[in-house]
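Protein chains: 2
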Amino acid sequence: MIAGRAVVLLSGGLDSATAAAWAKAAGFEVAALSIDYGQRHRFELEAAGRVARALGIADHRTIAVDLRAIGGSALTDATAVPKDRVAIGADVPVTYVPARNTVFLALLTGFAEVLGATDLVIGANVQDYSGYPDCRPEFLHAFETVARLGTRAGVEGAKFTVHAPLLHLSKAGIVRFGASLNVDYAATLSCYDPPAAFVHCGRCDACRLRRAGFAEAGIPDPSRYES
Amino acid sequence: MIAGRAVVLLSGGLDSATAAAWAKAAGFEVAALSIDYGQRHRFELEAAGRVARALGIADHRTIAVDLRAIGGSALTDATAVPKDRVAIGADVPVTYVPARNTVFLALLTGFAEVLGATDLVIGANVQDYSGYPDCRPEFLHAFETVARLGTRAGVEGAKFTVHAPLLHLSKAGIVRFGASLNVDYAATLSCYDPPAAFVHCGRCDACRLRRAGFAEAGIPDPSRYES
Numbered sequence: 019m020i021a022g023r024a025v026v027l028l029s030g031g032l033d034s035a036t037a038a039a040w041a042k043a044a045g046f047e048v049a050a051l052s053i054d055y056g057q058r059h060r061f062e063l064e065a066a067g068r069v070a071r072a073l074g075i076a077d078h079r080t081i082a083v084d085l086r087a088i089g090g091s092a093l094t095d096a097t098a099v100p101k102d103r104v105a106i107g108a109d110v111p112v113t114y115v116p117a118r119n120t121v122f123l124a125l126l127t128g129f130a131e132v133l134g135a136t137d138l139v140i141g142a143n144v145q146d147y148s149g150y151p152d153c154r155p156e157f158l159h160a161f162e163t164v165a166r167l168g169t170r171a172g173v174e175g176a177k178f179t180v181h182a183p184l185l186h187l188s189k190a191g192i193v194r195f196g197a198s199l200n201v202d203y204a205a206t207l208s209c210y211d212p213p214a215a216f217v218h219c220g221r222c223d224a225c226r227l228r229r230a231g232f233a234e235a236g237i238p239d240p241s242r243y244e245s
Numbered sequence: 019m020i021a022g023r024a025v026v027l028l029s030g031g032l033d034s035a036t037a038a039a040w041a042k043a044a045g046f047e048v049a050a051l052s053i054d055y056g057q058r059h060r061f062e063l064e065a066a067g068r069v070a071r072a073l074g075i076a077d078h079r080t081i082a083v084d085l086r087a088i089g090g091s092a093l094t095d096a097t098a099v100p101k102d103r104v105a106i107g108a109d110v111p112v113t114y115v116p117a118r119n120t121v122f123l124a125l126l127t128g129f130a131e132v133l134g135a136t137d138l139v140i141g142a143n144v145q146d147y148s149g150y151p152d153c154r155p156e157f158l159h160a161f162e163t164v165a166r167l168g169t170r171a172g173v174e175g176a177k178f179t180v181h182a183p184l185l186h187l188s189k190a191g192i193v194r195f196g197a198s199l200n201v202d203y204a205a206t207l208s209c210y211d212p213p214a215a216f217v218h219c220g221r222c223d224a225c226r227l228r229r230a231g232f233a234e235a236g237i238p239d240p241s242r243y244e245s
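Protein chains in written order, with my numbering: chain A, 19 to 245; chain B, 19 to 245.
The hints are simulated quantities; they were obtained by calculation from the structure and are not laboratory data.
Hints may contain errors.
Same chains, same names: a pair is fine if it fits in one copy or spans any two.
Unchecked claim - Simulated pairs of lysine to any residue, SDA-like, Cα-Cα distance not exceeding 25 Å:
| no. | residue 1 | residue 2 |
| --- | --- | --- |
| 1 | Lys42 | Ala76 |
| 2 | Lys177 | Arg23 |
| 3 | Lys177 | Thr163 |
| 4 | Lys101 | Arg170 |
| 5 | Lys101 | Ala82 |
| 6 | Lys101 | Val132 |
| 7 | Lys177 | Gly89 |
| 8 | Lys177 | Glu156 |
| 9 | Lys177 | Asp239 |
| 10 | Lys177 | Pro155 |
| 11 | Lys177 | His159 |
Fair warning: this is a prediction, and the values are worked out from it, not measured in the lab.
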């Protein structure tokens with residue numbers, strides 16, 4: 019049984035790969051959208067392609083939006099990505115991209131509208147929620163209203179749902195959940211500042227959360243770390 | 019007195035030029051954002067630059083987002099732009115770009131966040147509202163909530179306002195309002211399918227609404243029309 023069509027934001031990271039696997043397991047016919055937003059960690063787009071292939075997602079598109087034109091983030095500017103931070107998630111980090119999930123969900127809504135889908139899937143989770151405002155449940159819920167009111171399908175009575183199946187999971191919980199769905203985490207890349215394709219720096223916030231997640235889950239980490 | 023900083027979506031058309039002039043007249047320090055979304059009517063981006071200069075807006079940026087990757091509109095696809103339509107605004111036209119204002123307002127929110135602004139200005143109006151779902155007041159209002167919940171400034175207590183000063187004006191009303199603000203409409207371009215820089219085809223929906231607006235307002239139309 020097909021639950022209908024869903025569109026998934028696929029960054030190439032651990033979280034979005036798991037969210038996409040959830041959508042497949044839930045019976046959705048899944049299409050994926052990756053965003054080339056001028057990020058420094060360009061290798062993540064290659065990872066997204068690899069993840070899509072591993073999950074058997076045939077319709078995977080990449081949309082370019084050059085957020086460098088507005089700036090404001092260490093992920094797109096010349097600002098250094100922080101390494102070896104003592105506290106992660108205490109405040110909004112410099113790796114925060116202004117209104118990122120608003121922009122990404124907006125693009126995903128456009129993609130959904132073209133495909134006739136009303137189910138949007140995003141790998142947002144509470145570990146980010148502490149630092150990134152646009153990972154909060156109330157934000158995702160408010161976005162559903164915008165998607166409904168701002169689309170042709172919504173005008174015709176359709177409701178949009180933003181699924182965030184990892185929202186209340188820790189990184190270890192995500193790894194466990196993904197492992198149960200047979201996600202190939204070797205295809206994913208979480209690093210904000212990867213030294214090479216499919217190599218993690220091991221020291222940025224994303225790498226440290228990823229590494230700790232595998233360790234805590236007690237699941238072998240297939241990633242290559244530089245340090 | 020400065021009312022604070024506002025960011026304006028500037029397409030280069032008649033409406034957004036008028037909305038930007040309103041923001042200036044209201045005392046805002048105005049920055050403008052144009053979106054290069056792969057539109058067929060590329061000349062509109064040149065018009066946006068000319069409008070910004072005419073209004074004395076020093077910070078005018080253009081952000082590229084390639085909506086052709088998701089398709090779905092006559093404005094970005096090979097689909098022909100309708101000409102000489104009998105009824106305008108009766109249904110969602112093929113020139114509707116999927117989730118366009120959601121995407122544009124999302125980018126504008128990112129720009130606002132970088133500049134420390136919480137006032138967003140858009141030239142949406144009821145004449146579009148009949149055809150484009152994302153020009154409806156309830157959509158714009160819902161977007162304010164998303165902008166507040168999805169940004170660092172919002173988390174810190176700021177409220178976002180989406181100003182749509184033309185929302186309840188007819189095209190003639192917009193022209194009259196803009197004329198009172200000394201908007202240089204010769205700098206603007208409304209056409210969906212312009213045959214040359216600053217030349218209007220005269221036959222697409224946008225040209226016909228523009229032309230009728232000037233006529234009804236009894237204000238000389240400075241536009242060049244091909245037919």
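Hint check, failures only:
The structure conflicts with hints 5, 9, although it agrees with all the remaining ones.
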